[in-house]
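K.L.:
Residue numbers (the UniProt record's numbering), protein chains in the order written: chain R, 1 to 319; chain A, 1 to 248.
FYI, nobody ran anything at the bench for these hints, they're computed from the structure. A few of these clues could be false.
Claimed, not checked - Derived pair list, reagent style DSS-like, types lysine-lysine, alpha-carbon separation capped at 25 angstroms: (1) A:246 / R:307; (2) R:313 / A:227; (3) A:246 / R:11; (4) A:223 / R:276; (5) R:307 / R:291; (6) R:16 / A:161; (7) A:161 / R:191; (8) A:198 / R:276; (9) R:316 / A:227.
Stated by the list, open to error - Pairwise CB distance ranges (calculated): (10) R:177 / A:21: 44 to 54 angstroms; (11) A:189 / R:11: 54 to 64 angstroms; (12) A:180 / R:159: 32 to 42 angstroms; (13) A:134 / R:291: 45 to 55 angstroms; (14) R:13 / A:232: 23 to 33 angstroms; (15) A:180 / R:11: 28 to 38 angstroms; (16) A:225 / R:125: 45 to 55 angstroms; (17) R:42 / A:224: 25 to 35 angstroms.
For glycine and all other residues, C-beta sits at the position ideal for the given N, C-alpha and C.
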Amino acid sequence: MSVLVYTESDKGTFKKIALEAASYAKTIADKMGTTVTAVTINAEDSSVLGNYGVDTVLKVNDSSLDTFNAKSYASVLQQAAEKEGAKVVVVSSSADSKYMAPILAVNLNAGYASNVVEAPSSTTPFTVKRNVFTNKAFANTSIDTDVKVIGLSKNAFGVVENTASATEEAFSPSLPENTVTVEAVDKVTGKVTIADAEIVVSGGRGLKGPENWNMIEDLAEVLGAATACSKPVSDLGWRPHSEHVGQTGKPVASNLYIAVGISGAIQHLAGINASKVKVVINTDPEAPFFKAADYGIVGDAFEVVPKLIEELKTFKAQQ
Amino acid sequence: MKILVCISHVPDTTSKINFTDGDTKFDTNGVQFVINPNDEFGLTRAMWFKEKQGASVDVINVGGPETEPTLRKALAIGADTAIRVNTEAKDGMQVAKELAKVVQDGGYDLVIAGRESIDYNGGMVPGMLAALLDANFVNNCISLEVEGTSAKAVREIDGGKESVATSLPLVIGSQKGLVEESDLRIPNMRGIMMARKKPLNIVEPANASAETTSVSFEKPAPKGEVKLVDADNVAELVNLLHNEAKVI
Numbered sequence: 001m002s003v004l005v006y007t008e009s010d011k012g013t014f015k016k017i018a019l020e021a022a023s024y025a026k027t028i029a030d031k032m033g034t035t036v037t038a039v040t041i042n043a044e045d046s047s048v049l050g051n052y053g054v055d056t057v058l059k060v061n062d063s064s065l066d067t068f069n070a071k072s073y074a075s076v077l078q079q080a081a082e083k084e085g086a087k088v089v090v091v092s093s094s095a096d097s098k099y100m101a102p103i104l105a106v107n108l109n110a111g112y113a114s115n116v117v118e119a120p121s122s123t124t125p126f127t128v129k130r131n132v133f134t135n136k137a138f139a140n141t142s143i144d145t146d147v148k149v150i151g152l153s154k155n156a157f158g159v160v161e162n163t164a165s166a167t168e169e170a171f172s173p174s175l176p177e178n179t180v181t182v183e184a185v186d187k188v189t190g191k192v193t194i195a196d197a198e199i200v201v202s203g204g205r206g207l208k209g210p211e212n213w214n215m216i217e218d219l220a221e222v223l224g225a226a227t228a229c230s231k232p233v234s235d236l237g238w239r240p241h242s243e244h245v246g247q248t249g250k251p252v253a254s255n256l257y258i259a260v261g262i263s264g265a266i267q268h269l270a271g272i273n274a275s276k277v278k279v280v281i282n283t284d285p286e287a288p289f290f291k292a293a294d295y296g297i298v299g300d301a302f303e304v305v306p307k308l309i310e311e312l313k314t315f316k317a318q319q
Numbered sequence: 001m002k003i004l005v006c007i008s009h010v011p012d013t014t015s016k017i018n019f020t021d022g023d024t025k026f027d028t029n030g031v032q033f034v035i036n037p038n039d040e041f042g043l044t045r046a047m048w049f050k051e052k053q054g055a056s057v058d059v060i061n062v063g064g065p066e067t068e069p070t071l072r073k074a075l076a077i078g079a080d081t082a083i084r085v086n087t088e089a090k091d092g093m094q095v096a097k098e099l100a101k102v103v104q105d106g107g108y109d110l111v112i113a114g115r116e117s118i119d120y121n122g123g124m125v126p127g128m129l130a131a132l133l134d135a136n137f138v139n140n141c142i143s144l145e146v147e148g149t150s151a152k153a154v155r156e157i158d159g160g161k162e163s164v165a166t167s168l169p170l171v172i173g174s175q176k177g178l179v180e181e182s183d184l185r186i187p188n189m190r191g192i193m194m195a196r197k198k199p200l201n202i203v204e205p206a207n208a209s210a211e212t213t214s215v216s217f218e219k220p221a222p223k224g225e226v227k228l229v230d231a232d233n234v235a236e237l238v239n240l241l242h243n244e245a246k247v248i
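Isolated chain R (complex conformation) (with noise of 0.2 angstroms):
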């Protein structure tokens, strides 16, 4: 009956979007009166889940796991949730979770919500509320089914801090054969990713051309930030689609996202609406941005952002 939470980690150590996912499923189990079982894949030290509120760690260690594959990760997390009857399984919002997540609800005929940025309102009927329209608005779903899968979005309900120790116990589910099979991977080491970053700086056509960027990458790396970019500079090429944040490009969710030379599309504005504090530096007094933004400045970016970067340096120099 415990409520199944799937605790992403990367190389061994845990995301944060998986301690976020334990703190839902924490106040879930409350709410309904049971525990939490964590799942883990390949990860070493699980104590620290017990911080987050988890009674009970599905420990995995299979190499051939070592490899994201959606299939064989709904197949574990399917035979996790039948095993500990679980009415509720909780999933983070990464790239990998929501690939695997539709695989299984259907493996568990379960009604999945994406998505998700609260607790639920309640639990007969099950109600969640979630982004949609990207962020233009939310809706109150209710899953109807007697397995609920719920996709957390990042960022919106926070990791919630708990003095709990889990037990563990070592899991060992038969897999599929793998019919998709990685050749090669090819991954930025060393840079904060937008789906990981707790800030974001973002640059637009202000900028100018491809030439400027190292702008952004410096004010990035003071503040130990990803980038990003509008959607005209990676349609003019200057930055790879990756950095494209808004409607069709990637949704932003960060604490802090700071945008220089961008206007502030409708499209843009959407992308990155569920970002907690939003920065615009831009020379037009009327950019949209301005009605979007919690802080602005209204400059030329290639005077304000040198600036800005030496006074983060002092700053943290000083703390």
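Add chain A to chain R, keeping to what the hints say.
P.N.:
Relative to the frame of chain R, chain A by itself:
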């Protein structure tokens, strides 16, 4: 190769989003509907397979008669036949089950569906469809090549990309990058004329049931005024972000 491209009929990206009937229904008043952008990238790649490898391309939508202009647009872009499953789309699982029946009956080798629609953002139809069909599945697909029954695809992952090898029957979740924005086709007059004569078949639903219900909708709380900082006083911004917003 028989390709089916799933087309969601969605509000244009510039649409203002409002609700009616006590915030229980999306207000379509004055809203321009388009092919879901993620589906359009997929459709454009399908046209490449049609032109270079002789594939047939059908398009499908689960919805009422109001979605037909969107299907006609897909025909004008170059699809051969359109199919409309005559039922209201209620949730991802119901749509996936309706699609699965058509895919099985039609013997399709490759099904392309946008990784998510820009209206309800479920991001679940392609994966559910693949699971229902027990077909291979690649989500967030940014490159796809098919030779015989073998397929090579590239999937966007958080912070990079991953190349995979798989085989037909295959379902992919398409997105920007599968083709470039500049490759998208605006239907020309000849395409629009031809589309009028192409078949748009209406099939009756399998009456699959939904598993979730959107009970009500709400809009985000209105935003407060922006706090402007003087361009000559950048230190103040750092101060505000640290002491007031507490994000650095």
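K.L.:
Check the structure against each numbered hint from earlier and tell me which ones fail, lowest number first.
P.N.:
3, 8, 14, 16, 17
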